[in-house]
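J.: Start from chain A and add chain B according to the hints.
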Amino acid sequence: MSCNRMENRILPYVDGRLKAGEMKEMEAHLKTCAACELRVNEFRAVSGLLDELPQIVPSGAFDARVRARVAAEPVKQSWWSVFAPSPRVAFAASMLLLATVWFGSRPSEMVPTNTGVEQEAQVVSDLPVLENMDVLSNFDALSDLPQPVSDESNQQQQPDTNTEM
Amino acid sequence: MARSDVQLMLDVKAGDDESFALLLHRYRSPLVNFLYRMVRNREQAEDLAQEVFIRVYRAREEYVPSAKFTTWLFRIATNLALNSVRDTRHQRMELSLDAPITTDAEDGDEKTLDVADKHPDIEQHLVEEARKKMIRHAIDKLPEKQRAAVLLHKYQELDYNEIAKIMECSESALKSLLFRAYETLRVELAPLVAGAKA
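If you're matching them up, the sequences are chains A and B in order.
Last residue of the first sequence: number 169 in the working numbering, and the count goes up by one each step with no gaps.
Last residue of the second sequence: number 203 in the working numbering, and the count goes up by one each step with no gaps.
Hints listed in this document are in silico derivations from the structure and should not be mistaken for laboratory results.
Please read these numbers as outputs of a predicted model, since none were measured by experiment.
Built from N, CA and C at the ideal position, the CB exists for glycine as well.
You may find that some hints are simply not true.
[Claimed, not checked] Computed list of lysine to any residue pairs in SDA-like fashion (alpha-carbon distance at most 20 Å, straight line):
id, chain 1, residue 1, chain 2, residue 2
1, B, K137, A, E56
2, B, K150, A, L54
3, B, K137, A, K23
4, A, K23, B, A178
5, B, K146, A, K23
[Unchecked claim] FRET-style restraints, in silico, Cβ to Cβ:
id, chain 1, residue 1, chain 2, residue 2, range
6, A, P58, B, A72, 51 to 59 Å
7, A, A32, B, A135, 37 to 45 Å
8, A, A76, B, N84, 18 to 26 Å
9, A, E77, B, N84, 14 to 22 Å
10, A, N8, B, C174, 14 to 22 Å
11, A, C37, B, A19, 42 to 50 Å
12, B, A72, A, F107, 51 to 59 Å
13, B, L131, A, E77, 43 to 51 Å
14, B, R94, A, R69, 23 to 31 Å
15, B, P196, A, N8, 21 to 29 Å
Okay, chain A solo, but in the shape it has when bound:
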């Protein structure tokens, strides 16, 4: 196995983060490659040197400064929260909404119109007249109509028609 292929595995090997198969390959390679073995040892030494740097401690005021900045952050409000300062407004809006829904859901046939009833009563009262054939076949009432002046033929035919009936 080539050293180039091993390069990216050297650090994970030093860290002990190689998978079992990769670890076996690496160890087999190191037994036959002095250059890579030297590199592993030097990387271990570098890692050890980096451990020597001490850590710093955040200043005592750090937490307080972050908390102050958090406290100064504007509070995000939902659209519903506009009602929060005034429960009365929220209650009134709810009642208005309920009333609107209630009126809107009432069935329309519950409110009959007067004109509809009157028209129906008139038709019922006229039924006997409409069903009387004697009344329907009597055209005497038509003779009371004014006769047309210009059409002479019609003047002569009209009495004949009445006679035949």
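T.: Relative to the frame of chain A, chain B by itself:
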């Protein structure tokens, strides 16, 4: 039993600010140290760490536990640190030319070295300080991305997959980045490495 980071963050999302205080307590030191080693200035590191926490707090409403909390946290920190390093590169170069000899800055108190100070093991102390300075200098000389990768790998002990997500690269690219960084450190620290092996 301690609540997990994700659980704490979900509680913050639900409006529990005490959970945020727990996250702050848990991660303030790792974050400040990571940022300090990136920007080499304590005050700036603390300002950046504050900014990281504020960004986490501001994003609480949209938080979805799709990845580890530390991945998210250190991605914000890494991006802020890289931007800060790039913005102040010129300024730092000027400062380093005029900088006085100082004691170890890691104690957070960059005092000018007082040689007259009667340290019981002054010689040993100076050797240790020179050694630490050399290590810090070697880390500082790394390109920003390599430095961030080394710090996340060495001091935060995050796994390769997580660091790759933070750095927004493939795991293979990260291993290659780390290999190059350790190669540079090996050369820069050669005198110390030889001593460490011996």
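J.: Using the beta carbons of A76(A) and N84(B), state whether their distance is inside 18 to 26 Å or not.
T.: holds (23 Å)
J.: Given the hint that K23(A) pairs with A178(B), test it: the Cα-Cα distance must not exceed 20 Å.
T.: holds (18 Å)
J.: Hint says 43 to 51 Å; check whether the CB-CB distance for L131(B) and E77(A) agrees.
T.: holds (47 Å)
J.: A72(B) and F107(A), beta-carbon distance inside 51 to 59 Å?
T.: holds (53 Å)
J.: Is the distance from the Cβ of R94(B) to the Cβ of R69(A) consistent with 23 to 31 Å?
T.: With a Cβ separation near 26 Å, R94(B) and R69(A) satisfy 23 to 31 Å, so the hint holds.
J.: Given the hint that K150(B) pairs with L54(A), test it: the Cα-Cα distance must not exceed 20 Å.
T.: holds (17 Å)
J.: Is the hinted pair K137(B) and E56(A) satisfied, with a Cα-Cα distance of at most 20 Å?
T.: Answer holds: K137(B) to E56(A) is near 7 Å, not above 20 Å.
J.: Is the distance from the Cβ of P58(A) to the Cβ of A72(B) consistent with 51 to 59 Å?
T.: Once the Cβ atoms are compared, 31 Å apart, the range 51 to 59 Å for A72(B) and P58(A) is violated.
J.: Would the hint linking K137(B) and K23(A) be met if the CA-CA limit is 20 Å?
T.: This hinted pair is violated, its Cα atoms lying about 34 Å apart.
J.: Could you check the hint for me, namely that A32(A) and A135(B) are 37 to 45 Å apart, CB to CB?
T.: holds (41 Å)
J.: For the hint 21 to 29 Å, verify it against the beta carbon of P196(B) and that of N8(A).
T.: Given about 28 Å between the Cβ atoms, the range holds.
J.: Can the suggested window of 42 to 50 Å be confirmed for the beta-carbon pair C37(A) and A19(B)?
T.: violated (56 Å)
Going down the numbered hints, you'll see the structure goes against 3, 5, 6 and 11, while the others check out.
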